[in-house]
Amino acid sequence: MSVDWSHDETARPLLSVRGLGTDFVGLDGSVAHALEDVSFDLYPGQTLGLVGESGCGKTTTLLSLMRLLPAAGRIVSGQVLFDGTDLLALSEREMRRYRWKEMAIVFQGAMNALNPVYTVRHQIGEAILLHGLMDRAAADRRVDALLDLVGIARSRGDQYPHQYSGGMRQRAMIAMALACQPRLLFADEPTTALDVMIQAQVLELLKGIQRELGLAVVLVTHDLGVVAEVCDSVVIMYGGKVAEQGPADAVYNDPQHPYTQRLLQAFPDLNAPGETLASIPGYPPRLNALPPGCRFEPRCDRRLPVCATTAPRLMAASTKHYAACHLYAGPEARFE
Amino acid sequence: MSARWPRLRRNLSEFWRVFRRNRPGLLGAALLASALALSLLAPVLAGRDPSETIRDEAGRPLTFASPAEHGPLGTDDAGHDIWAQLVFGSRISLSVGFFAAALSVLVGSMLGLLAGYFGGWLDVLLMRLTDILLVIPDLPLIIILLASVRQLNLGVSPYVILVLVIGLLYWTRTGRLVRAQTLTIKERQFVARARAIGAGHGHILLRHILPQITPLIVANAVLDVSTAILTESGLAFLGLGDPTRPSWGTMINFAFSRNAIANGAWWFYLPPGLAIVWVSLGCVLLGNVLEEVLNPRLTAHHLEGDERMVARAPDLARAP
Numbered sequence: 001m002s003v004d005w006s007h008d009e010t011a012r013p014l015l016s017v018r019g020l021g022t023d024f025v026g027l028d029g030s031v032a033h034a035l036e037d038v039s040f041d042l043y044p045g046q047t048l049g050l051v052g053e054s055g056c057g058k059t060t061t062l063l064s065l066m067r068l069l070p071a072a073g074r075i076v077s078g079q080v081l082f083d084g085t086d087l088l089a090l091s092e093r094e095m096r097r098y099r100w101k102e103m104a105i106v107f108q109g110a111m112n113a114l115n116p117v118y119t120v121r122h123q124i125g126e127a128i129l130l131h132g133l134m135d136r137a138a139a140d141r142r143v144d145a146l147l148d149l150v151g152i153a154r155s156r157g158d159q160y161p162h163q164y165s166g167g168m169r170q171r172a173m174i175a176m177a178l179a180c181q182p183r184l185l186f187a188d189e190p191t192t193a194l195d196v197m198i199q200a201q202v203l204e205l206l207k208g209i210q211r212e213l214g215l216a217v218v219l220v221t222h223d224l225g226v227v228a229e230v231c232d233s234v235v236i237m238y239g240g241k242v243a244e245q246g247p248a249d250a251v252y253n254d255p256q257h258p259y260t261q262r263l264l265q266a267f268p269d270l271n272a273p274g275e276t277l278a279s280i281p282g283y284p285p286r287l288n289a290l291p292p293g294c295r296f297e298p299r300c301d302r303r304l305p306v307c308a309t310t311a312p313r314l315m316a317a318s319t320k321h322y323a324a325c326h327l328y329a330g331p332e333a334r335f336e
Numbered sequence: 001m002s003a004r005w006p007r008l009r010r011n012l013s014e015f016w017r018v019f020r021r022n023r024p025g026l027l028g029a030a031l032l033a034s035a036l037a038l039s040l041l042a043p044v045l046a047g048r049d050p051s052e053t054i055r056d057e058a059g060r061p062l063t064f065a066s067p068a069e070h071g072p073l074g075t076d077d078a079g080h081d082i083w084a085q086l087v088f089g090s091r092i093s094l095s096v097g098f099f100a101a102a103l104s105v106l107v108g109s110m111l112g113l114l115a116g117y118f119g120g121w122l123d124v125l126l127m128r129l130t131d132i133l134l135v136i137p138d139l140p141l142i143i144i145l146l147a148s149v150r151q152l153n154l155g156v157s158p159y160v161i162l163v164l165v166i167g168l169l170y171w172t173r174t175g176r177l178v179r180a181q182t183l184t185i186k187e188r189q190f191v192a193r194a195r196a197i198g199a200g201h202g203h204i205l206l207r208h209i210l211p212q213i214t215p216l217i218v219a220n221a222v223l224d225v226s227t228a229i230l231t232e233s234g235l236a237f238l239g240l241g242d243p244t245r246p247s248w249g250t251m252i253n254f255a256f257s258r259n260a261i262a263n264g265a266w267w268f269y270l271p272p273g274l275a276i277v278w279v280s281l282g283c284v285l286l287g288n289v290l291e292e293v294l295n296p297r298l299t300a301h302h303l304e305g306d307e308r309m310v311a312r313a314p315d316l317a318r319a320p
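Here the protein sequences line up with chains A and B, keeping their order. Position one of the first sequence corresponds to residue 1 (the numbering used here), numbered consecutively onward. Position one of the second sequence corresponds to residue 1 (the numbering used here), numbered consecutively onward.
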């Protein structure tokens, strides 16, 4: 299996995450390690898929990267380099200038992310005016262009969110995310709660926009089919840690981590109909009661004695393809 | 933006369409509007100065004249026209009510927003303060405050002191209400989105949270007006009003202290009493209905009770 790593190797990554760790502190002072040692690179024009079960830290990763964690969340370690600038070292005021102008997010559940008392036009233009990028008339023209881009009739911009269908709201959210021409787009499960047809539409739209504008995208999803379709590289998360990461083709066709293997088996394969889907028994670990060794150990069907005691490190299976599992003794993963 | 004004007009006409069908609301609005007209047109409607003494043919003051003997509402113990006092008194009662309510709503909304949004020590401080204010009976507290502020001789008119004291004591209800709403709204995802687009606290508070609770504040403000008017009346009845500007409460105080009841002069105390009921009833009716109309969640389903929405069975008896 050849690894297709289509970006220019000499280019500098737009986003470089190194050893990111985030804790949540409970009211009783208990600490949950929501993220530990997450590292990845994202190059301009590329899409990275962030995959895992509910509660494995996908959304927390996005919120940490934008420094939008709820009050209980704390980033405790790591570096987030955006085009060479460490975002974690910025003051809140400086960080505000990065939000939306450089990095925008399409939230999970578009209905709730739209304010019911403002028109969609107002909300798309809000960020432009907030950052003082254009005057009102120019912003209005930009909103028209954005509505065209996502396929919403300009006249419907003057309507309120409740007058939109689910798919339209999601497209409006995408238009909103593009308002300030960010270089990096986070999409947090942009297609959940949409039916399959609309899902396909929204994904097509995202892909088209990315091609056109050369955005870098981090796509959070449960859906491995979506990953195969749109992602260049993928990070599989489990219990707040990276289980496996690498080029999408490599991870998809040659999964290393037992979790990735089981995850892929749990999805229907169009080429092998009639196959029984295998579910993964058990639940993801609770973040305040993590197993001492490998976090997947209690549910793993290939566990070794060492798994219960020692957390595995990320090992390289091939170039840029890493898995955190004791089954592999390859050279340790290295992030430059 | 060009689309703004037609939209506002559409929203207002929509508001009117729903409001119009609500009889208690219309009644409340009518009661308030008539009281407002009374105070605005006072010089015209009163016909004479309330301090002018009415005299009989012999030139003696016409005291305790019944409505049959003089004017629409008779005279008081000093021969002053009751109707003129009532009309001019409305200005004092209503304006104290409106200004004090405006002040309490302003303070309550601001503190409630800040406490709910920022939380932490500010929230604890404000909520314990409202606990204390809610527990202490209002009237004794206000009486003590009024008396001590007047002792200071600040050179401020008693009218202004009255407004300030009432306004600054009654913000607690609004404050709690706004805080509670702020707590729920700040967790909504559009607030997270506002943070994500790089908005600061001011933008989020004023543009995203405040508009959501404005209907609540408006409805509550109308109810506060009634509370403030009743409080002012009570204080004035106890003799703590502004003696230079007699309100309806002051009139009842005069009637009481000058033996109107023993003299059977019901026209002295009944009209101001009814006027107070008139206005506070108007406020309560309007306030409740505003809350209902502005907050769609409280209204019954819009399909209910509208004849046009009900499919009628064909009239078989009239079929050929």
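The hints are simulated quantities; they were obtained by calculation from the structure and are not laboratory data. Remember, predicted model here, so these are calculated numbers, not experimental data. Built from N, CA and C at the ideal position, the CB exists for glycine as well. A portion of the hints provided could be inaccurate.
As the list claims (entries may be wrong) - Just some of the chain A residues that point at chain B, by a computed CB distance under 10 Å:
#, residue
1, Trp100
2, Met111
3, Pro116
4, Val117
5, Tyr118
6, Met134
7, Gln163
8, Tyr164
9, Gly167
10, Tyr252
11, Leu290
12, Pro292
13, Gly293
Stated by the list, open to error - A few chain B residues that don't get close to chain A, going by computed Cβ distances all over 10 Å:
#, residue
14, Asp49
15, Leu103
16, Ile136
17, Ile143
18, Asn153
19, Tyr159
20, Phe190
21, Ile197
22, His203
23, Val218
24, Thr244
25, Trp266
26, Gly273
27, Leu281
28, Glu292
| Okay, which hints does this one fail, numbers in order? | 6, 7, 8, 9, 10, 11, 12, 13, 20, 21, 22
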